[in-house]
Amino acid sequence: MGQLKTAVIRSDLDIVIARTMARDVAKALGFGAIDQARIATAVSELARNIFLYAGTGNVTVREIDKNVRKGIEIVCEDQGPGIANIDLVMQDGYSTSRGMGMGLPGAKRLMDEFIIRSTENVGTTITCRKWRS
Amino acid sequence: MDSLRIPILKIGDILIASIQVALHDASAVQFKDDLLQKIHDTRAKGVIIDLTALDVVDSFIGRLIADITAMAGLMGTRVVLTGLQPAVAITLVELGLELPRVLTALNLEKGLTMMQRLTEESDDGSA
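Residue numbers (my numbering), protein chains in the order written: chain L, 1 to 133; chain D, 1001 to 1127.
Take the hints with a grain of salt, since some may be wrong.
For each label pair, taking beta carbons as the anchor points, the in silico distance ranges come out as [stated by the list, open to error]: (1) Gln1116/D to Leu4/L: 31 to 41 Å; (2) His1040/D to Lys70/L: 20 to 30 Å; (3) Ala1026/D to Arg117/L: 24 to 34 Å; (4) Leu1004/D to Arg10/L: 12 to 22 Å; (5) Val1029/D to Asp92/L: 32 to 42 Å; (6) Arg117/L to Gln1116/D: 15 to 25 Å; (7) Asp1041/D to Ile115/L: 42 to 52 Å.
Hint data in this document are derived by calculation from the structure and do not stem from the laboratory.
Glycine included, each C-beta is placed from N, C-alpha and C at the ideal position.
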């Protein structure tokens, strides 16, 4: 298991910091340019959701291994309002704020695995992974 | 917090903005406001936004570009987007943002040629 890297999300500047961190880790793990862009874009969407809905939270990136395959795991955690209806937010075009409703379903399409755990008034944890081809 | 300002250059009737650094949300919104004001002040017929240097365009920036195109269009000004990297084009489409109403060109040079054609057409009153 690789080293953890964490970015704290408190402002829109931190969204750029988080996605740059994820891209750097992906590059170091040997992901190609297109996968680096997918990973950085997914982190940008998830970090923006933290900023817009919870105000603050953390994005953690680490290397993962499964049967000689290497990958990257991104965990986005906040103690925000939580998501009442996960199926609804995963629909394209659904948005409760300034977004286009692309954030979560878009991020999911860019990654290989995407898991949302959320409890209303407790917070949300989104774990997503991408495996190196 | 001071947001970073993107320089907007004027060449003839055309404005050119080359985005060279990763934009955070506030500086992207500032860019939209600056650009629309500059279109008004200079009566530019066209705007080229060059994204060659950007390695990430997320849904926020994608939506902003679509908004700028629509808003400039309402003011009678055409927008051409140039220099999207392959990885950016792929992630935008996978994200679900195909920007169907945004005109694009491979690079700044082709964008300028396209813009000259577009603005000449509108001079003829045929567009």
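Here is what the structure says about each hint:
Here the CB-CB span from Gln1116/D to Leu4/L is close to 52 Å, at odds with the stated 31 to 41 Å. For the hinted restraint 20 to 30 Å between His1040/D and Lys70/L, the CB-CB distance of approximately 52 Å leaves it violated. A hinted range of 24 to 34 Å holds for the C-beta pair Ala1026/D and Arg117/L, which are about 31 Å apart. The beta-carbon spacing between Leu1004/D and Arg10/L, approximately 18 Å, falls within the hinted interval of 12 to 22 Å.
With their beta carbons about 24 Å apart, Val1029/D and Asp92/L fall outside the hinted range of 32 to 42 Å. At about 54 Å, the beta-carbon gap between Arg117/L and Gln1116/D misses the expected band of 15 to 25 Å. Asp1041/D and Ile115/L have their C-beta atoms about 50 Å apart, which keeps the hinted 42 to 52 Å range intact.
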